[in-house]
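As given, the protein sequences belong to chains A and B, one line each in that order.
Residue 1 is where the first sequence starts when you use this note's numbering, and the numbers rise one by one after that.
Residue 1 is where the second sequence starts when you use this note's numbering, and the numbers rise one by one after that.
Keep in mind that the hints are not guaranteed to be accurate.
[Claimed, not checked] Chain A regions said to be covered by chain B (calculated; three or more residues, Cβ under 8 Å): (1) 48 to 58; (2) 101 to 113; (3) 173 to 180; (4) 191 to 199; (5) 243 to 254; (6) 381 to 387; (7) 427 to 433.
[Said to hold, decoys possible] Taking CB as the label site, the calculated pair distances span: (8) Ala360/B x Ser99/A: 54 to 64 Å; (9) Thr2/A x Thr411/B: 43 to 53 Å; (10) Ala125/A x Glu408/B: 38 to 48 Å; (11) Glu439/A x Leu365/B: 31 to 41 Å.
[Unchecked claim] Distance condition first, Cα-Cα at most 20 Å in a straight line; then the derived SDA-like pairs of lysine to any residue: (12) Lys242/B x Pro459/A; (13) Lys242/A x Thr96/B; (14) Lys220/B x His293/B; (15) Lys38/A x Ala52/A; (16) Lys10/A x Gly46/A; (17) Lys242/A x Arg405/B; (18) Lys442/A x Gly166/B; (19) Lys242/A x Ser290/B; (20) Lys437/B x Arg405/B; (21) Lys242/B x Tyr157/A; (22) Lys242/B x Ile100/A; (23) Lys38/A x Gln92/A; (24) Lys242/A x Ala103/B; (25) Lys242/A x Ala102/B; (26) Lys242/B x Ser121/A; (27) Lys345/A x Ala418/A; (28) Lys242/A x Arg156/B; (29) Lys56/A x Lys442/A; (30) Lys242/B x Ala125/A; (31) Lys242/A x Tyr157/B; (32) Lys437/A x Pro459/A; (33) Lys124/B x Thr96/B; (34) Lys220/A x Ala102/B; (35) Lys242/B x Lys345/A; (36) Lys442/B x Gly174/A; (37) Lys38/B x Glu28/B; (38) Lys242/B x Ala103/A; (39) Lys124/B x Leu239/A; (40) Lys437/B x Gly396/B.
Worth flagging that the hints you see were computed from the coordinates, not collected in a lab.
All C-beta atoms in this analysis are idealised placements derived from N, C-alpha and C, irrespective of residue type, glycine included.
2 protein chains.
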Amino acid sequence: MTQGLIDQLKSTVGPTNVLVDGDLSAYELDWRKRSRGKALAVVRPGNTEEVAAVVKACADSGVSIVTQGGNTGLVGGSIPDESGQQVVLSLQRMTTVRSIDAANLTMTVDAGCILQTLQDSAEKAGFLFPLSLAAEGSCSIGGNLATNAGGTQVVRYGNARDLCLGLEVVTAQGDVWQGLSGLRKDNTGYDLRDLFVGSEGTLGVITAATLKLYPLPAAKLTAWAAVPSMQHAVTLLGLAHKHLGAGLTGFEVIGQFALSLVAKHYPQQRVPLWQDAPYCVLLENSDHESEAHAREQFERLLETAFEDGCVSDAVVAENLTQANQLWHIRESIPLAQAEEGLNIKHDISIAVSRIPEFVATTDALLEAAIPGVRLVNFGHLGDGNLHYNVQAPAEGDSKAFLRDREAEVNTIVYDSVARFDGSISAEHGVGSLKLDKLEHHKSPVAMGMMRAIKQALDPHNTMNPGRVFRV
Amino acid sequence: MTQGLIDQLKSTVGPTNVLVDGDLSAYELDWRKRSRGKALAVVRPGNTEEVAAVVKACADSGVSIVTQGGNTGLVGGSIPDESGQQVVLSLQRMTTVRSIDAANLTMTVDAGCILQTLQDSAEKAGFLFPLSLAAEGSCSIGGNLATNAGGTQVVRYGNARDLCLGLEVVTAQGDVWQGLSGLRKDNTGYDLRDLFVGSEGTLGVITAATLKLYPLPAAKLTAWAAVPSMQHAVTLLGLAHKHLGAGLTGFEVIGQFALSLVAKHYPQQRVPLWQDAPYCVLLENSDHESEAHAREQFERLLETAFEDGCVSDAVVAENLTQANQLWHIRESIPLAQAEEGLNIKHDISIAVSRIPEFVATTDALLEAAIPGVRLVNFGHLGDGNLHYNVQAPAEGDSKAFLRDREAEVNTIVYDSVARFDGSISAEHGVGSLKLDKLEHHKSPVAMGMMRAIKQALDPHNTMNPGRVFRV
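Input sequences plus hints: build the corresponding full structure.
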């Protein structure tokens, strides 16, 4: 039976594109190297018709499918389980930029395209594709859409969902839904696009997408500001919205301890201002006029912020190199954390207005439970999204800390998130990692509707089963 | 049985809020006065709990529900059918602005709130709620969300869906789904919000929403430009995106014949430039700096456009009164059309890049089929959305024209839309008016998924049955 399916898959996509032997780590091991599955086979179709044929063949055999793009997910949603009975459907051969429509401000691309390739293709055509995140050199747009990826420019351009105008999808039955029209308005029935976006491969396979493009900004400026408290960071955000309007394309907050780790482990990076304030803020201003105009706007904003007392010190990058250095500090936090030892990561969101109180409350709860605990708090404050990570006390054994305290820490953090009406997964998704937590925190009415939809579109539960929720 | 239900509804919402006698035209007659239904009763709950109780009572009796806001829909989706067996659930008593969260840039409101009230409440708090459309003085935000309304600022701010961060919904089973968290990022499962938005009351009842706010622009300027062709209008749109960036908040195109009708029936409006060009474009520039800056931006754009030959003449409004006069011309087109006689309306969308060819092709097809036919073509070109309306030949009897030629005209227009991969309903929805057309034009795969979702969430088909599609 299984051999029959594998033979059928080989005849569909070619024998070299069905991998069963050898080292399949690239497909079976998750990005954070925390879990590993075992695939029945890794199948790499070359086009949508082949994807449909693979899905049909698997459906006929009752074999379930785990769709995989760049395999850079952080919640264990893109690797197979340990049964050795799931097919990994890799889209890594489907990398064509199908078309760029300048007048419609859209591009249509295969789901396997690497995000950075899309950014580059758009730029070459004179446009911006604004989705931007740490894994952009490896992640695929299909994975970005399946997990509704966020990143650093959400404050202006929204999440992956907001950047998508249409999809091509292979359904659980192996039919092709063609929704690549590139329309900005289309009120002809239910929003199937947004249902597939963020469904983490549990409803079908995204094979292509039509994405929004924006005119390339004439200039992009970066500033780094020390703020006296998280509340002042929130006030600064309001001022930035007012002064920069849609020019505000990035607003990141970084806690002092997170910066101290970068300063300690990467002293060559010369982190500015971190010793003077509990938080620093990284701001980006994209301007469609000129660099001079962007600078003038930034200066006016910072003047007001100084007068209001919500910024104690600030620097504006003089050139692109300096701007990249500032962003590099931000991007180095996860690595600096790893250098310091294992830690417990969270990807949470709260209404922006409630973040100061959330942080004060949750910091206190953790400090009471774990004396000396160290909090690596940073994130996309513009979207209310914090990577609120918990590091072992300075003298502790971080391995033991993770083993002994992870469950307790997660409970403290997620219960606090729930009290502040927040989300336990802001931009990473649920995957297999947060399955049980979701069941606990999401309302039964919402879970019931989600299960009914899953049952309706994938009645035999063959699309990435056991991810997001158990049926 | 029926009397039992009515008594139960009276005890739930109070006897004065269950209307069964007298003139119920306001609830039974559609906005365009083209069709009229007959309600079993009109029920007006005062809060979400009452809505839930009404839905449960109706579900227990197997009675179906038509949810109604301002009853300003254009596709017959918010009035009952003729059976006299459907309950109209009117949300007109639920009009509370529940809260405004300035730091989170959100407002949470009851679904029955009138759109204009929301705009005013936001403005009073120093913010912009950018949804704006002709019926804003009467339509409710619940209806706007149920139909994913568009309007004149979509080019910058998106449709109603894009302006909504969360919903409170009463499901078909009478349960309350509470999704009003106001989060800008939340990847914990399927996107239920966007499924209810645009579902036209067929899946549940939207009872409240959390909406996005924006800083109020410092200035808003309007310009009116004559363009030599539709292709030149598209080129101008590209220039406007580049020069104004996110400042471009309106881009409307209006055909010469549409303007001639306004000039003829409302000569006091003094329509500018219409005699010189086949199309005029209405542009709006919202600026977060100052009016002077907005004007300078506009002037630079228009200079470039003159040099490029895509604008032959233009005026920039000197003040708010002049700007309002220009917008008033645009808003007067439907009335001027009605003065001229009955006509056949379409609300279509096409990729912006393909609109010039679509218009040329479809104009020619109609002129060949109906010598002397007159085309009232205007719309939101920035979103690829045209109100491509067809008026009887000058000397014809418009009543007879509508009776004899409507089906033929619709077929010509919608078949042409299909050839250009467009949508037969850009911003008005499907309702009962476009039911059969949708079945013909939407892919069977999409229709199949929509039916499966309906069956999953409303298995007894009691929520606005016979709208969007027949189950």
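Outcome of the hint check:
1. Residue count for the segment 48 to 58 of chain A with a Cβ under 8 Å from a Cβ of chain B: 0. That is fewer than the three needed, and the coverage hint is violated.
2. With 6 residues carrying a beta carbon less than 8 Å from a beta carbon of chain B, the segment 101 to 113 of chain A meets the three-residue requirement, and the given coverage holds.
3. Here the segment 173 to 180 of chain A counts 5 residues with a CB under 8 Å from a CB of chain B, which clears the bar of 3, and the coverage holds.
4. Figure legend: the segment 191 to 199 of chain A, annotated as covered by chain B; annotation consistent (7 residues with Cβ-Cβ distances under 8 Å, at least 3 required).
5. Given a C-beta distance limit of less than 8 Å, the hint that chain B covers the segment 243 to 254 of chain A holds, as 5 residues qualify and 3 suffice.
6. Judged by the Cβ-Cβ criterion of 8 Å, the segment 381 to 387 of chain A is covered by chain B as claimed, because 3 of its residues qualify and three suffice.
7. Proximity of the segment 427 to 433 of chain A to chain B, defined as three or more residues with a beta carbon under 8 Å from a beta carbon of that chain, is established by the 4 residues found.
8. The supplied range of 54 to 64 Å is broken by Ala360/B and Ser99/A, whose beta-carbon atoms lie about 22 Å from each other.
9. For Thr2/A and Thr411/B, the Cβ-Cβ distance of about 52 Å falls inside the hinted range of 43 to 53 Å, so the restraint holds.
10. Range check, Ala125/A to Glu408/B: about 42 Å between beta-carbon atoms, so the 38 to 48 Å window is met.
11. Here the CB-CB span from Glu439/A to Leu365/B is close to 56 Å, at odds with the stated 31 to 41 Å.
12. Simply put, Lys242/B and Pro459/A have alpha-carbon atoms about 47 Å apart, too far for the 20 Å limit, and the pair is violated.
13. At roughly 27 Å between alpha-carbon atoms, Lys242/A and Thr96/B are farther apart than 20 Å, so this suggested pair is violated.
14. For the hint linking Lys220/B to His293/B, the alpha-carbon distance of about 10 Å falls within 20 Å, and the restraint holds.
15. For the hint pairing Lys38/A with Ala52/A, the CA-to-CA distance comes to about 23 Å; that exceeds 20 Å, so the pair is violated.
16. A threshold of 20 Å between alpha carbons decides the hint, and for Lys10/A with Gly46/A the separation of about 12 Å falls inside it, so the pair holds.
17. Proposed proximity of Lys242/A and Arg405/B is contradicted: the alpha carbons are some 53 Å apart, above 20 Å.
18. Simply put, Lys442/A and Gly166/B have alpha-carbon atoms about 14 Å apart, close enough for the 20 Å limit, and the pair holds.
19. At most 20 Å may separate the alpha-carbon atoms for a hinted pair to count; Lys242/A and Ser290/B meet this at roughly 12 Å.
20. The straight-line distance between the Cα atoms of Lys437/B and Arg405/B is roughly 16 Å, inside the 20 Å bound, and the hint therefore holds.
21. Restraint check: the Cα-Cα separation between Lys242/B and Tyr157/A comes to about 16 Å, which is no more than 20 Å; the hinted pair holds.
22. Between the alpha carbons of Lys242/B and Ile100/A the distance comes to roughly 17 Å, so the proposed pair stays at or under 20 Å and holds.
23. For the suggested pair Lys38/A and Gln92/A, the alpha carbons sit about 19 Å apart, so the restraint of at most 20 Å is met.
24. A distance of roughly 12 Å separates the Cα atoms of Lys242/A and Ala103/B; the hinted pair therefore holds under the 20 Å criterion.
25. Restraint check for Lys242/A and Ala102/B: satisfied, since their Cα atoms lie roughly 12 Å apart, inside the 20 Å limit.
26. Proximity of Lys242/B to Ser121/A is assessed by CA-CA distance (about 18 Å); at most 20 Å being required, the pair is judged to hold.
27. Under the criterion of a C-alpha separation no larger than 20 Å, the hint pairing Lys345/A with Ala418/A is consistent with the structure, at around 17 Å.
28. Between Lys242/A and Arg156/B, the direct Cα distance comes to roughly 17 Å. Compliance with the 20 Å bound is thereby established for this hinted pair.
29. Restraint check: the Cα-Cα separation between Lys56/A and Lys442/A comes to about 33 Å, which exceeds 20 Å; the hinted pair is violated.
30. Our distance criterion of 20 Å between C-alpha atoms is met by Lys242/B and Ala125/A, whose separation comes to about 13 Å.
31. Simply put, Lys242/A and Tyr157/B have alpha-carbon atoms about 16 Å apart, close enough for the 20 Å limit, and the pair holds.
32. For the proposed pair Lys437/A and Pro459/A, the alpha carbon gap of about 24 Å is over 20 Å, so the pair is violated.
33. Under the criterion of a C-alpha separation no larger than 20 Å, the hint pairing Lys124/B with Thr96/B is consistent with the structure, at around 15 Å.
34. Only pairs whose Cα atoms come within 20 Å are accepted, and Lys220/A paired with Ala102/B is rejected, the gap being roughly 27 Å.
35. For the hint pairing Lys242/B with Lys345/A, the CA-to-CA distance comes to about 40 Å; that exceeds 20 Å, so the pair is violated.
36. Proposed proximity of Lys442/B and Gly174/A is supported: the alpha carbons are some 18 Å apart, at most 20 Å.
37. Distance hint between Lys38/B and Glu28/B is fulfilled; the C-alpha atoms sit about 6 Å from each other, no more than 20 Å.
38. With a C-alpha separation of about 12 Å, the suggested pairing of Lys242/B with Ala103/A holds against the 20 Å cut-off.
39. At most 20 Å may separate the alpha-carbon atoms for a hinted pair to count; Lys124/B and Leu239/A meet this at roughly 18 Å.
40. For the hint pairing Lys437/B with Gly396/B, the CA-to-CA distance comes to about 27 Å; that exceeds 20 Å, so the pair is violated.
Of the numbered hints listed earlier, those contradicted by the structure are 1, 8, 11, 12, 13, 15, 17, 29, 32, 34, 35 and 40.
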